[in-house]
Every structure is written in C-alpha cells, then in structure tokens.
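Protein chains in written order, with the working numbering: chain H, 6 to 322; chain F, 467 to 755.
Please keep in mind that the hints were generated in silico from the structure rather than gathered at the bench.
Computed from a prediction, not measured in an experiment: that's the story for all the values here.
Glycine residues also receive a C-beta, built at the ideal position from the N, C-alpha and C atoms.
Treat the hints with care, as some may be off.
Computed footprint of chain F on chain H, listed as stretches where at least three residues anywhere in the stretch have a Cβ under 8 Å from a Cβ of chain F [unchecked claim]:
{"#": "1", "region": "27 to 37"}
{"#": "2", "region": "119 to 133"}
Lysine-lysine pairs mimicking PhoX-like chemistry, simulated, CA-CA at most 25 Å apart [stated by the list, open to error]:
{"#": "3", "chain 1": "F", "residue 1": "Lys749", "chain 2": "F", "residue 2": "Lys654"}
{"#": "4", "chain 1": "H", "residue 1": "Lys153", "chain 2": "F", "residue 2": "Lys749"}
{"#": "5", "chain 1": "F", "residue 1": "Lys654", "chain 2": "F", "residue 2": "Lys545"}
{"#": "6", "chain 1": "H", "residue 1": "Lys53", "chain 2": "H", "residue 2": "Lys177"}
{"#": "7", "chain 1": "H", "residue 1": "Lys177", "chain 2": "F", "residue 2": "Lys654"}
{"#": "8", "chain 1": "F", "residue 1": "Lys654", "chain 2": "H", "residue 2": "Lys153"}
{"#": "9", "chain 1": "F", "residue 1": "Lys607", "chain 2": "H", "residue 2": "Lys152"}
{"#": "10", "chain 1": "F", "residue 1": "Lys623", "chain 2": "F", "residue 2": "Lys607"}
{"#": "11", "chain 1": "H", "residue 1": "Lys153", "chain 2": "F", "residue 2": "Lys607"}
{"#": "12", "chain 1": "F", "residue 1": "Lys749", "chain 2": "H", "residue 2": "Lys154"}
{"#": "13", "chain 1": "F", "residue 1": "Lys750", "chain 2": "H", "residue 2": "Lys154"}
{"#": "14", "chain 1": "H", "residue 1": "Lys152", "chain 2": "F", "residue 2": "Lys623"}
{"#": "15", "chain 1": "H", "residue 1": "Lys154", "chain 2": "F", "residue 2": "Lys654"}
Calculated Cβ distances over 12 Å to all of chain F for the following chain H residues [said to hold, decoys possible]:
{"#": "16", "residue": "Ser156"}
{"#": "17", "residue": "Glu157"}
{"#": "18", "residue": "Arg170"}
{"#": "19", "residue": "Leu300"}
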Amino acid sequence: MRNKENGNPKVGAAGKAASAFVKVEGLGKRYRADQPPVFDNVSFGIDKGEFICIIGHSGCGKSTILNVLAGLEEASSGCVIMDNREVSGPSLDRGVVFQSHALLPWLTVEENIAFAVRSRHTDWSRQRIAAHAARFIEMVGLAHAAKKKPSELSGGMKQRVGIARAFSVEPKMLLMDEPFGALDALTRGVIQDELLRICTETHQTVFMITHDVDEAILLADRIFLMSNGPQARIAEIVVNTMPRDRVRETIHHDPQFYRIRNHLVDFLVRRSKSIQQAGSPVAELATTRIVRPGLEETPLSDGLCEATTNSRFTAVA
Amino acid sequence: MKASLSLRAGLLSVLLLILLVGIWHLSTATSPVSGRPAVSGAVDAEYAALMGNGPAAATDKKVDGFPTPLQFLHVAADKLADPFYDHGPNDKGVGIQLAHSLGRVALGYLIALAVAVPLGFVIGMSPLMYRALDPFIQVLKPISPLAWMPIALYTIKDSSVSGIFVIFICSIWPMLINTAFGVAGVRKDWLNVARTLEVSPLRKAFQVILPAAAPTIITGMRISMGIAWLVIVAAEMLIGGTGIGYFVWNEWNNLSLANVIFAVLLIGLVGMFLDLMFAQLQKKVTYAE
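Required output: the full structure, derived from the provided sequences and hints.
Put into structure tokens, the structure is as follows:
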C-alpha cells in the first residue's frame with residue numbers, strides 16, 4: 006500500500022481479501038451463550054506493509070479482535086489467516102505492543118529487549134543479542150536510558166521501550182492496543198512521529214487500536230470503523246487518500262484532512278449508534294462500506310451529511 | 467533530618483534500655499541478705515552462710531532466684547567466654563547448643579523449601595491442583611507443629627529427626643501458600659508477553675514467573691523461618707538432649723534463672739539475625755512497578 010500511488014481510487018480494499026497478507030473471515034466472539042455476541046461476522050484483509058487503525062466505542066470488541074489476531078484469545082467463530090497459515094496461538098511473527106507497556110520491571114531496558122531478542126534467536130551469542138537490542142533501543146532514542154529500570158522511566162519512555170521490544174523480534178505484523186492511550190498529548194505526538202518514521206523505514210505491517218481520530222488519520226492507510234456492540238461489526242473502511250509523506254506539522258493544512266476527520270467524528274458520535282440500533286439484518290452484517298471522504302468536495306459538517314454520505318458509499322459484499 | 471531522626475530514635479532506645487535495666491535492678495536489689503531481718507552475731511552469720519545467705523553468697527557466681535543485672539552480666543560473660551565446651555550430655559556450651567538448634571532448623575527448613583516452592587508453583591499455575599490440594603492445606607495448616615510430635619516420634623523413632631520433621635511441617639505452609647499466591651498473581655500482561663514471544667515453559671517459569679513472584683515467595687520464607695525458630699525451642703524442650711530449647715529447660719530444672727534469661731535473650735538475638743537475613747534477601751528481589 007505504501008508504495009502504491011496515493012489517492013488513486015482504484016487502489017481500493019474491495020477485492021484485496023483474496024490476496025491479502027492477513028485475512029480475517031467471519032470473526033465473531035460470544036462470551037456467554039445466552040447473550041448476543043460482542044461482534045459478529047467481522048471480515049477484512051490487510052496487505053503487507055499496510056498500516057491499519059481501528060476505531061470504535063468501548064465495548065465493541067476492538068481489543069478482542071486484536072487479541073484474536075495476536076493469538077492470545079480465541080474467537081467463537083471465524084478464522085484468521087496470516088501468510089496462508091491459520092493463526093492458532095501466539096507467535097513471534099505477531100508482535101504486540103500492550104497498552105500498559107507490560108515491561109518486566111525487574112529487568113533494565115536493555116535486558117527487557119534482550120529477553121525478547123533471545124526468544125527469537127535462541128542460538129545467538131550474548132554479544133550478538135546485546136548488539137541487536139542496542140540497535141532497537143537506539144531506534145526509539147533511548148540509548149541513554151538503556152541501563153535504567155522501567156520504574157525509573159516516564160510513561161512515554163516506557164511505551165517506547167515496549168515498541169522497541171516489539172520491533173526487535175522483527176515480527177511480520179505488529180499489533181498495538183491503544184499504545185498511546187495513557188500518554189499526554191505532547192509525548193504522544195513525539196512518539197507518533199517516531200512510529201511513523203520507523204514504520205516507513207521497515208515497511209512494517211501494523212494493526213492498531215486507537216481512540217484518537219487525528220492519530221488514525223496521521224498513521225493509517227486505512228481506518229476501520231466499528232459500530233457499537235453488542236453485535237458490533239466493521240461498518241466502514243475509510244481509505245486514507247492523503248499523500249503518504251504527510252507529517253504532523255502540516256497535515257491539517259491539507260483540505261482532505263478535515264473531510265476525513267469530519268467523516269470519522271460524525272461516524273463516532275452519530276452513526277456508530279444508529280447502525281447498532283438499526284438491529285442486525287443478516288444481509289447487512291456482511292456488508293462493509295468502503296469510503297474515501299478525503300476525495301469528496303462537499304463538506305460533511307452540514308445537516309445534509311447523512312444524505313450525501315450515503316451517496317458516496319460503495320457497498321461491498 | 468533523616469539522620470537526626472535515626473539518631474533520636476537510637477537515643478530513645480538506649481534510654482528505654484537503661485530504664486528497663488534500672489527497673490530490673492531496683493526490683494532485684496532487695497537481695498536475700500538485705501531483704502531479711504538484719505542478722506547479728508557470729509552464730510547468726512554462720513547460720514546465714516550455711517543457708518546460703520552469707521555475705522559471700524551474694525557475690526558468688528552461682529545465683530539463686532532472680533539475678534540482678536550485674537549478676538546476670540557475670541553469668542553472660544562466663545557463658546560467652548567459652549561457648550563451645552562440652553562436659554558431657556548435661557553440660558555443653560551455649561554455642562554448641564545453638565549450633566544444634568540452628569542445624570535442625572536449617573535442615574527441616576531446607577527440606578520444606580525444596581517441597582513447598584515447586585509444589586506452590588504447581589498449585590499456583592494449575593487451578594485444578596489448587597482446588598484438589600486446598601482442603602488438605604486448610605486442614606493441615608492450623609495443626610500445631612508440636613501436635614505432630616507423638617506421631618513423628620512413633621514413626622521415626624528418633625528424637626532428633628522428629629525435631630527436624632516438626633520444623634519441616636511447620637515451615638512448609640507459609641512458603642507453600644505464599645508461593646502459590648505469588649505464582650497465581652503474576653500479572654497477566656507479563657504472561658502474555660511471554661506467550662507472544664513464544665518463551666519456552668521452563669524459561670517462562672524461571673525468567674518471568676519466578677522473578678515476578680519472588681517478593682511474595684521470600685515473604686513466605688521469612689514467615690516460615692520465624693515460625694521455625696519459634697517452634698524449635700518448644701520442640702527441643704520436649705525431645706531433650708541437645709539444643710537451645712533443651713538448654714532452657716535444663717537450666718530451669720537447675721533453677722538457674724540467670725542462664726535461662728541469657729538463653730532467652732540469645733534466642734531473641736538469633737531470631738532477629740535470621741529475620742534480618744531474609745529482609746536483605748527481600749530487598750534484593752523486590753522490584754518497583
């Protein structure tokens with residue numbers, strides 16, 4: 006996705022499920038048999054090198070989807086296929102950045118990373134592991150804090166270590182569960198920039214949960230919008246049509262930015278609810294609309310948005 | 467400010483000690499000699515000497531009744547001057563007695579450690595084992611270790627080994643329960659990290675679960691050691707032969723209270739050192755989140 010021409014409407018997500026790197030088919034999760042599933046019939050594909058953000062209200066099952074992708078949780082129905090193999094159980098191929106950073110507090114920063122590296126490369130010598138770990142500590146700019154314990158680091162630094170740890174095992178896909186949720190806005194911005202740079206350099210495939218609309222527009226190639234749970238589903242896939250070289254400083258000057266932003270906010274505050282309230286016509290469940298609000302000239306902020314957005318949708322079975 | 471606080475605390479401690487010794491001195495100063503009606507005349511003096519109340523008796527090393535602080539110091543100095551003498555089964559130095567007790571505690575405690583920590587790991591990691599073993603633990607835990615003594619003596623037929631068994635049975639529970647508790651309470655995030663990194667079970671046990679649960683385990687070990695040291699004195703009073711507990715009982719039979727007090731103080735000091743050792747260990751494995 007990254008190397009494809011941006012803004013090209015033909016670079017749709019519609020037909021990609023057949024050839025996608027990660028394929029999710031008919032995923033559903035039901036915690037109790039006597040209650041409706043949290044989410045149902047969730048299907049999507051992710052290309053290699055693509056950055057996906059998923060947005061939705063609490064309780065729609067985003068984290069569960071991520072955990073299923075990671076192999077930490079099992080879905081009640083459906084399956085996940087990565088690289089033509091079904092995901093069953095956790096694997097080094099899918100690195101996870103936890104919201105609570107989950108660093109081992111009795112190890113220093115470099116030991117934490119080395120722990121991960123040794124898990125991937127069991128036959129490596131101590132020096133080689135240390136050198137490899139040092140490279141990734143450098144990458145997140147924490148070389149000066151390599152000998153510190155996590156308790157001596159600020160929240161932002163801890164999360165960077167978590168990111169470095171996930172990257173150090175060089176997974177095929179990176180899963181991030183609201184990695185910046187607990188950080189203040191300034192720190193968040195700095196780490197977002199860092200993440201963007203690292204992902205561009207390494208062509209990392211990323212699947213990330215976020216609540217921050219701006220963050221999603223900055224980072225993601227495509228944004229999955231989930232309706233409210235129970236029986237949540239991916240209601241829309243917003244293709245980010247902005248140029249790939251966008252940066253945080255100038256992104257808001259692009260007219261596309263506000264169109265996409267308004268579309269996302271509008272979805273979150275109004276339509277996510279109405280889609281759920283509309284019940285669950287079975288035929289509609291499998292339907293995910295793919296939209297490119299960035300390319301629309303009509304501003305979304307007027308009262309007609311419901312009507313105008315509908316005309317833009319391309320329904321995909 | 468911090469230094470001055472510890473200084474003031476130390477001063478207060480010394481003051482309290484002086485106060486306590488002062489009270490002790492005042493309440494024992496009314497020695498048998500001065501406490502009785504004054505005797506006069508050579509015959510009376512001779513009679514008093516015969517009764518052990520003569521002027522010489524007051525300064526004699528052999529002290530009857532509750533000693534004064536000074537008499538106690540004499541006894542303590544004597545005992546410490548030669549702690550390792552061995553004059554037959556009823557007369558050994560306190561060093562030897564202490565070594566016997568410590569040896570029993572160490573042996574029983576180590577065996578308990580070797581059983582409790584692995585078993586605690588299993589219980590902590592497997593809800594099935596936890597539920598299956600819980601009734602046993604709940605029933606066995608509150609049994610006074612000394613209640614095991616007759617059973618141990620009958621089946622083992624060796625008083626010294628029975629003592630070790632009693633130490634084993636009393637120190638196993640805190641370690642077992644704390645290990646299980648610590649292992650079961652390891653943060654799910656850390657286990658998930660280990661899972662996503664495909665860490666082998668053995669490595670997970672030693673490099674994730676053990677360090678995560680170590681503070682709780684060490685706390686259990688510390689409690690166990692405290693209990694073991696409490697129990698050994700009582701156990702040795704029962705089984706006799708050697709050990710600091712036996713020494714206390716023996717000196718009580720000799721009515722040598724100075725020796726009893728000396729031994730009691732020694733038990734307290736050794737217990738404190740054992741506890742300090744574990745406090746150090748605990749400091750080493752504790753981590754800040």
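Violations among the numbered hints, reported as their numbers in ascending order: Hints 1, 5, 9, 11, 14, 16, 17 and 18 not satisfied by this model.
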